[in-house]
Amino acid sequence: NAGVMQNPRHLVRRRGQEARLRCSPMKGHSHVYWYRQLPEEGLKFMVYLQKENIIDESGMPKERFSAEFPKEGPSILRIQQVVRGDSAAYFCASSPTGVETQYFGPGTRLLVL
Amino acid sequence: DAKTTQPPSMDCAEGRAANLPCNHSTISGNEYVYWYRQIHSQGPQYIIHGLKNNETNEMASLIITEDRKSSTLILPHATLRDTAVYYCIVRTNNAGNMLTFGGGTRLMVKP
Chain H
66 NAGVMQNPRH
76 LVRRRGQEAR
86 LRCSPMKGHS
96 HVYWYRQLPE
106 EGLKFMVYLQ
116 KENIIDESGM
126 PKERFSAEFP
136 KEGPSILRIQ
146 QVVRGDSAAY
156 FCASSPTGVE
166 TQYFGPGTRL
176 LVL
Chain L
2 DAKTTQPPSM
12 DCAEGRAANL
22 PCNHSTISGN
32 EYVYWYRQIH
42 SQGPQYIIHG
52 LKNNETNEMA
62 SLIITEDRKS
72 STLILPHATL
82 RDTAVYYCIV
92 RTNNAGNMLT
102 FGGGTRLMVK
112 P
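Just so you know, the sequences run in chain order H and L. Using the numbering used here, the letters of the first sequence correspond one by one to residues 66 to 178. Using the numbering used here, the letters of the second sequence correspond one by one to residues 2 to 112.
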């Protein structure tokens with residue numbers, strides 16, 4: 066059973082560009098969480114989604130960040146007009162339901178030049 | 002969710018048991034204790050969780066005190082590959098409850 070997949074694993078963007086991070090949950094999991102880890106800091110929750118629904122986005126920055134989890138395909142975390150402060154590791158986790166253990170992917174490391 | 006307190010760092014000799022403590026004195030009755038670890042630059046890895054009873058799996062054992070105010074994660078025979086940051090997290094199992102990561106314990110396993 067494949068684990069949580071994230072791609073790309075590394076992403077380099079120039080300031081002002083858009084970044085799209087993809088997360089494919091484990092088979093049978095319909096709940097996805099995104100977390101961000103800034104350099105030398107702990108992981109911070111960003112958003113929780115079920116298929117076609119955003120359930121909790123209390124950790125998302127108010128501007129430039131959005132997330133979706135369509136009926137078909139991976140969950141996408143989108144960052145518009147990236148700035149240097151967006152450089153971080155972005156991890157997604159999935160669970161079968163919202164109450165089960167969360168399993169993490171390997172992360173996407175975003176570097177903004 | 003209740004807050005947890007962990008020592009910032011610990012050392013352990015290879016082959017010996019690593020005992021990682023965690024205090025969660027404000028834990029409530031429906032909150033579970035979860036342990037994850039993060040090996041450098043990798044995604045957090047789930048280790049074990051429990052509510053009241055001690056738990057054991059192929060990776061580790063979790064000992065929860067009777068009053069549930071503290072717990073200990075035990076790696077019975079630590080190897081160099083167990084060097085990582087270990088996070089103790091308390092959460093309910095309500096729908097959508099996110100994980101709140103603290104600073105964790107940086108475990109260094111030495112030859």
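Any given hint could be a false lead.
[Said to hold, decoys possible] Which stretches of chain L does chain H cover? Using the computed rule of at least three CB atoms under 8 Å from a CB of chain H, they are:
hint, region
1, 46-52
2, 97-105
[Unchecked claim] Computed beta-carbon distance windows for the label pairs:
hint, chain 1, residue 1, chain 2, residue 2, range
3, L, A14, H, I119, 41 to 51 Å
4, H, Q115, L, M109, 16 to 26 Å
5, L, G30, H, L103, 29 to 39 Å
Keep in mind the hints are simulated off the structure, nothing from the lab. Where is the CB? At the ideal position from N, CA and C, for every residue including glycine.
Identify every previously stated hint that the structure contradicts and give their numbers, smallest first.
The structure breaks only hint 4.
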